[in-house]
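Kindly produce the complete structure, drawing on both the sequences and the hints.
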Amino acid sequence: MNSRQLSKLTARLGFWLLVAFVVVVAVFPFYYAIKTSFTPSSELFRVELWPTQATLANYLQIFSQRSFLQAIFNSVVVATSVVFIALLLGITASYALGRVRFRGRTMVLLVILGVSMFPQVAVLSGLFEVIRALNLYNNPGGLILSYTIFTLPFTVWVLTTFMRQLPMELEEAAIMDGATPWVTITKVFLPLMWPAMATTGLLAFIAAWNEFLFALTFTLTDSQRTVPVAIALLSGGSAYELPWGPIMAASVVVTVPLVVLVIIFQRRIVSGLTAGAVKG
Numbered sequence: 001m002n003s004r005q006l007s008k009l010t011a012r013l014g015f016w017l018l019v020a021f022v023v024v025v026a027v028f029p030f031y032y033a034i035k036t037s038f039t040p041s042s043e044l045f046r047v048e049l050w051p052t053q054a055t056l057a058n059y060l061q062i063f064s065q066r067s068f069l070q071a072i073f074n075s076v077v078v079a080t081s082v083v084f085i086a087l088l089l090g091i092t093a094s095y096a097l098g099r100v101r102f103r104g105r106t107m108v109l110l111v112i113l114g115v116s117m118f119p120q121v122a123v124l125s126g127l128f129e130v131i132r133a134l135n136l137y138n139n140p141g142g143l144i145l146s147y148t149i150f151t152l153p154f155t156v157w158v159l160t161t162f163m164r165q166l167p168m169e170l171e172e173a174a175i176m177d178g179a180t181p182w183v184t185i186t187k188v189f190l191p192l193m194w195p196a197m198a199t200t201g202l203l204a205f206i207a208a209w210n211e212f213l214f215a216l217t218f219t220l221t222d223s224q225r226t227v228p229v230a231i232a233l234l235s236g237g238s239a240y241e242l243p244w245g246p247i248m249a250a251s252v253v254v255t256v257p258l259v260v261l262v263i264i265f266q267r268r269i270v271s272g273l274t275a276g277a278v279k280g
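In terms of the working numbering, the sequence shown has 101 at position 101, counting the first letter as 1, and numbering is strictly consecutive.
Keep in mind that the hints were calculated from the coordinates and are not lab data.
Owing to the predicted nature of the structure, the values given are computational and were not obtained by experimental measurement.
Worth double-checking, as some hints may not be accurate.
Distance windows between CB atoms, simulated [to be verified]:
{"#": "1", "residue 1": "22", "residue 2": "120", "range": "22 to 32 Å"}
{"#": "2", "residue 1": "124", "residue 2": "10", "range": "45 to 55 Å"}
{"#": "3", "residue 1": "139", "residue 2": "119", "range": "54 to 64 Å"}
The C-beta atom is built at its ideal place from N, Cα and C for all residues, glycine as well.
Structure, rendered in structure tokens:
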């Protein structure tokens, strides 16, 4: 084996060692959460890679709480509504910004992108006043409104980029056949936009599902809270006990669906994120 082959072998070995290290660092926290969720409270502070006394008590405890089940239902309703509204508005806005030529179109896109850069804390007080004025405090509608405001800019930006690369001949043919703009969007462009829609829809769902600050600020009762807040408010047997087992069990329960969705739509996510990167 000459020096060139040895250097290639060393480089390949170093690359795969780096990949293994990144995978371990990324996966280990989730593995430890699963391990903790099956560990009894008396065994939590023993350093072990595998629980010696696995139990389902933590899962039974969280599912026996009606407030946690209600929080899951609230999160599903809020996240699904946000995805539907964001995609509906995003598709129509992307058609206007991507296919219709008008003065100031680039400025509008820059403003949309700039809005998405504001941190949540910066607009929390103002948005709270808006939600209270609309009588949406402690109501799922307040969360849907606030989440849509923050997910819509990214949705519009990605869908506009994808819309711009669709062939102009498709739209011209639809116009020649007498199609209205709405028919053109729904019948011609929509079937071609599934990769971008899957990407933006899934990312919007994850953002709404995991959001904590707005859910904590804009809800007051257990019947209206979402999963992140419900997990944060899990209490132990006393004021000095932190129930790590139930918290990790709840975290696993709400994380597994997201992992499954990402695995199912991973190809569409990649194709959607790279949409518009190469012009053919």
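Handout entry: Status of the given 54 to 64 Å range, CB of residue 119 versus CB of residue 139
Key = 24 Å, violated
Exercise for the section: Indicate whether the distance between the beta carbons of residue 22 and residue 120 respects the range 22 to 32 Å. Expected result: The hint (22 to 32 Å, Cβ to Cβ) holds, given that residue 22 and residue 120 are roughly 29 Å apart.
Exercise for the section: For residue 124 and residue 10, compare the CB-CB distance with the range 45 to 55 Å and indicate the outcome. Expected result: Cβ of residue 124 to Cβ of residue 10: about 52 Å, so the range 45 to 55 Å holds.
Consistency note: the structure conflicts with earlier hint 3 alone.
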